[in-house]
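J.: Each chain, written out:
Number of protein chains: 2
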Amino acid sequence: MSDNKEFQPVTESTAPKTRQVNPYGPNPADYLSNVENFQLIDSTLREGEQFANAFFDTEKKIEIAKALDAFGVDYIELTSPVASEQSRRDCEAICKLGLKSKILTHIRCHMDDAKVAVETGVDGVDVVIGTSKFLRQYSHGKDMNYIAKSAVEVIEFVKSKGIEIRFSSEDSFRSDLVDLLNIYKTVSQIGVNRVGIADTVGCANPRQVYELIRTLKSVVSCDIECHFHNDTGCAIPNAYCALEAGARLIDTCVLGIGERNGIVPLGGLMARMIVAAPEYVKSKYKLHKLRDLEVLVAEAVEVNIPFNNPITGFSAFTHKAGIHAKAILANPSTYEILNPHDFGMKRYIHFANRLTGWNAIKTRVDQLNLNLTDQQCKDVTQKIKKLGDIRQLTVDDVDSIIKDFHAEVSTPQLQPKRDNDDIQDEISEEPATKKSHQ
Amino acid sequence: MSDNKEFQPVTESTAPKTRQVNPYGPNPADYLSNVENFQLIDSTLREGEQFANAFFDTEKKIEIAKALDAFGVDYIELTSPVASEQSRRDCEAICKLGLKSKILTHIRCHMDDAKVAVETGVDGVDVVIGTSKFLRQYSHGKDMNYIAKSAVEVIEFVKSKGIEIRFSSEDSFRSDLVDLLNIYKTVSQIGVNRVGIADTVGCANPRQVYELIRTLKSVVSCDIECHFHNDTGCAIPNAYCALEAGARLIDTCVLGIGERNGIVPLGGLMARMIVAAPEYVKSKYKLHKLRDLEVLVAEAVEVNIPFNNPITGFSAFTHKAGIHAKAILANPSTYEILNPHDFGMKRYIHFANRLTGWNAIKTRVDQLNLNLTDQQCKDVTQKIKKLGDIRQLTVDDVDSIIKDFHAEVSTPQLQPKRDNDDIQDEISEEPATKKSHQ
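Same order as they appear, the protein sequences are chains A and B.
Residues 490 to 927, numbered by my numbering, are exactly what the first sequence covers, in order.
Residues 490 to 927, numbered by my numbering, are exactly what the second sequence covers, in order.
One or more of the hints may lead you astray.
Identical copies go unnamed one by one, so any copy, or any two together, can satisfy a pair.
DSSO-like mimics (lysine-lysine), calculated; alpha carbons at most 30 Å apart, straight line [to be verified]:
(1) LYS604 - LYS872
(2) LYS638 - LYS835
(3) LYS555 - LYS773
(4) LYS555 - LYS892
(5) LYS875 - LYS773
(6) LYS867 - LYS622
(7) LYS771 - LYS604
(8) LYS706 - LYS591
(9) LYS631 - LYS872
(10) LYS549 - LYS875
(11) LYS622 - LYS706
(12) LYS631 - LYS867
(13) LYS650 - LYS775
(14) LYS775 - LYS892
(15) LYS706 - LYS585
(16) LYS555 - LYS875
(17) LYS835 - LYS622
Note that these hints are calculated values from the structure, not bench results.
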């Protein structure tokens, strides 16, 4: 302890009790933040159709659209009506359902596509064109002047039909910034409803997103929509940082299904947003319907819900380590930022393992309606940990150990058998209740 | 087009050809960035043991430790030797393997634990104590003075044994900032090797992380380690932003397994980091071993690799939409920020579906060694899309359609059968090669 004189006593600092700010809420410095005022464009029926396993027939599309509407998404985006004949008919059918969610379809920035789209009955059309040098060279081969001219033509046509119109670049984070700002300024001036930023390859990182959206926000007067792929695991926080910077709408898919490993998952984004804007999220979206919505889509595309999915992953509310279980039992907020009840889920204390602690075991003892002192709970916990060292335990294993231990401590031990003695009298101290069952 | 005069011609801006900066690399403004100089502490054998399904026997722990070492993680963190008798023996056994990765164990900030830990043969000890008001109230019940005193005692004891020592708070993002900085300054001054920031409940967002690490960096002179839970889907980008701000070490688990839905997944972080620091990542970590490592752990804890896992999810390199397939065939970078070959993986163009395009089909035609003109490829694509509208397609379905079409266009059509005519001569134009097989 030779360095002891360098130790500085630490004094508790106490925050004033009157401060009621949500520490996970919008940062007051982000004066353009839409964290508490965002909208969802669910693209399970467009981007999601591009998922490797996806094939939705008309009936399934309608079922998914109704479930998204019941959850409360603001918009539902559908595959382009020019993708195939059935895609067009499905688009028309979903428009006729009379859902509360607005219906969009997603087309190339081309008059041929726009003319078909406006006839389907959609509330809005999302147009997209690649602006990165990669896409200009290897996809459509057009220059920025051509892109701007096509955009203006399509936007004015769709607007003339009284239909909402969004213009998005593709692969925005690998596009030239000046090119991007130029075209967004142009389309904003002619009255586009939304401009879209798309991280088509999933390369963007959160602070990069924040900077681009903040810059774009100073150039356009319309809403900003964002579309983030998840190749490098950043889709959800990129969406969050975009909202912080002033974007208003986020594209999601149920379970994030889409091209490659997909985009922002609806459930994961809800996990992020309920922490930042609990009242807004809980009042606007039917969070209890999330699990059924995910099961519906998972079954339709034949995947399992990932074990580590936010909210609905099988262990998302399971607490295991002894030290965690102790605190959770005292106050769930200790180790939970999400309340499982907000999503119609339950928390679970995993006590059948060698990392268990006596607080978790004591709770189990209580659940079993048994009476053990704290010291006895500690003793039986040691027995459980010992077996847990040898093999994986089940709840039944733990319950058996607890019940055996309880029987042992509440029943007087048999004395070592004395020669020629009758031991019957020596177990007479058994509780009356137990006797009455014999 | 009445607003046409408002349209501003867009001119191409061309970046100087000499600029060779990686646009996804470290931001030059982050002068403390460790994006190109980070280290990994893999905690699959500690945090991962807290995953609901985890039970690793000695043999499995050793197998995982060897695989982590072969992958090249800098540190391997093990469950506390006081968690159970077998945990202590396993810790000793892994220390004796002579791995290149340094071995750590993770204990409570308590001399009883520290005394056991230093006897196991580990290279370093990670101590942790809850500093949030939640944990101080509901877990250990100690105040900040007590925490600081215990920390100093444990740190000096472990250092006296010539063993690396890390001090971490728990639930750092819900701890009082002044309390945190005070205790980190204290432990830094007495020569702790690393301080740890832990988002124990998964509440932090990326810009918040950046700010806290930047602030902490100005207070301590030692390395900063970060531990991020994934409850709100932000673990990977939080780790990235921490490195941007000057943190040096990130805790990972294979597939992210851990309490609840886990922490930063090793593979997902590799996806993020290879984009930002390709040379560093490729020279330091054996990325080709990632898939086998994930399969090993997935089987051990009886989970499936999530369908949407970065890099190893089954569709992570599958391209489906016609517009994507076209560009990918011309240049994979168009729709890929990750190169599958870096991870020993392959890309796959999904052409057997109604969203397919003629470029993808033309490639398939070439693969089948058939000769069709571009127009013929477009025609057969329409046939494929038509069947894809009715049901899910397999590769065999598409191949059959292509082969039938090819046979049709390269074989003269049979004329409607004329009465009493022998048609045998009319198909005599069949290729000689085919005839020779008859």
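J.: Against the earlier hints, flag every one the structure doesn't satisfy and list their numbers going up.
T.: Failing hints, ascending: 2, 4, 5, 7, 13, 14, 15.
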